[in-house]
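S.K.: One letter stands for each residue in the lines below.
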Amino acid sequence: MLTIMDIDIRDLIDEEDDDNQEEMTAQKVLQIVERAWLNEKFSPEILPHQTDYVDCLLEQIKGMEGNLAKLSKTDPKVDLHKLELERIKFVITSYLRTRLKKIESFCVRVLEEEATRSEEDAYLSPAELKFAKEFALNADNHFDTILRHMPHLYNKLDRNKKIIEPNLNSFVFLKCNKHIDSVIIKNTLEGQEEEIVLEDGSQHLMPYSSIAEFVKKGTVQLI
Amino acid sequence: MMHPAEIEYMAENEIIQIVPTFNHASHVHLICGSYGPFRAGLPLNVPIWVALNLRQKKTCRILAPDWMAVDKLQERLEEEKASKFFTQLPTNFYLEITQMLLTVASEDIPQGNDIKTAVKDLWDLRIAKLRSSVDLFVKEGRVQASLNHLTPMEINSVRPIFPDTLDALMTLHEHINSSDDREDSSQSSVATPSSSTSFSLSL
Chain A
1 MLTIMDIDIR
11 DLIDEEDDDN
21 QEEMTAQKVL
31 QIVERAWLNE
41 KFSPEILPHQ
51 TDYVDCLLEQ
61 IKGMEGNLAK
71 LSKTDPKVDL
81 HKLELERIKF
91 VITSYLRTRL
101 KKIESFCVRV
111 LEEEATRSEE
121 DAYLSPAELK
131 FAKEFALNAD
141 NHFDTILRHM
151 PHLYNKLDRN
161 KKIIEPNLNS
171 FVFLKCNKHI
181 DSVIIKNTLE
191 GQEEEIVLED
201 GSQHLMPYSS
211 IAEFVKKGTV
221 QLI
Chain B
1 MMHPAEIEYM
11 AENEIIQIVP
21 TFNHASHVHL
31 ICGSYGPFRA
41 GLPLNVPIWV
51 ALNLRQKKTC
61 RILAPDWMAV
71 DKLQERLEEE
81 KASKFFTQLP
91 TNFYLEITQM
101 LLTVASEDIP
111 QGNDIKTAVK
121 DLWDLRIAKL
131 RSSVDLFVKE
141 GRVQASLNHL
151 TPMEINSVRP
161 IFPDTLDALM
171 TLHEHINSSD
181 DREDSSQSSV
191 ATPSSSTSFS
201 LSL
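Residue numbers (my numbering), protein chains in the order written: chain A, 1 to 223; chain B, 1 to 203.
Worth flagging that the hints you see were computed from the coordinates, not collected in a lab.
Watch out, some of these pointers could steer you wrong.
Unchecked claim - Derived pair list, reagent style BS3-like, types lysine-lysine, alpha-carbon separation capped at 30 Å:
1) 62/A - 129/B
2) 178/A - 129/B
3) 82/A - 57/B
4) 57/B - 41/A
Produce the entire structure from the sequences given, and follow the hints as far as they go.
M.R.: Given below as structure tokens:
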């Protein structure tokens, strides 16, 4: 007898193969999303979206919930599966909420940057982009409404003054997944630049801007 | 930033040994991997969250990991004392795992109280080391530090205050450096998305 997960994983692998991607197990996808969650939590700026993987997990959850409904309640497996689904949902919601928070905080800047990117290397998912645009529009309308009631002298708002930017030089903790030959760190205190080697598996503290590109490539994990 | 419960979540993904008291011939195919078969009396590996769930339902006994023994922990403690740097521990989540196992399965773990004390000693020692290196780091005005073998919970104990302090220092220095040409003060404001809240840790 095939168990429920066997079927699900096979479906998943087939789907991925169709897209000419390397073979992926549900376990691998979960690990990717968990890593993306941590990176997103600790990075000052919004990172490229991982919608493909999140959607894949959501499909898994849906399929699993359907299968669980068919199983008898006394089956010892049911509790474990349910618990696991709750755990995964927790990570996904936390991940998405972290992103929304950044979109809300840095709305104008995020939209500006997004406008310069092509569809393939977009940082926001289509749904997030829609949210960001609506949020910006609502904020603008809100300010306009208030400013109308202000004295004439003060009822103009400089758009540039509204921009809040993430501090890309903020310090982050990181773990290196792969040997990196050269990372340049700007030392603001002494007005110099330092160059260091990151060994595989080593952990460091440094400004985010120095390793931002490696975080996006996946060679560095924020911790 | 990171809530201790979220670090506990990561710790729960670590693998541990249990001895089930029930029989279940087929594997349980979880998304995070397949585990089984469950045979009464025969040990098998499962993630900690599975172990805790089964233990709470009294359908298994948890085997303490190798490192979770008073003599082993004492060795670690001595090693930590002798070393200038942070030593590598057998797990990244020693504090959380000890805490979780002793809360749910204290009867399964011999010398629970002594283990708790030893782990707390190890934690205190490492945190003291961490605090003094943080102090040195800030005073020397450095911008990069190696933190090998520091565990997530230990890192979290100096977050957000430590990175925030450094951020503030850097911003101050930038302002001092640019105070000569002060007129171009059209800088946009900089912020982090989360309003930082601090918390204290206790075992």
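S.K.: Confirm or reject each hint.
M.R.: Quick rundown of the hints versus the structure:
no.: 1; hint: 62/A - 129/B; in the structure: violated, 47 Å
no.: 2; hint: 178/A - 129/B; in the structure: holds, 27 Å
no.: 3; hint: 82/A - 57/B; in the structure: holds, 15 Å
no.: 4; hint: 57/B - 41/A; in the structure: violated, 34 Å
Of the hints listed earlier, those the structure fails to meet are numbers 1 and 4, in rising order.
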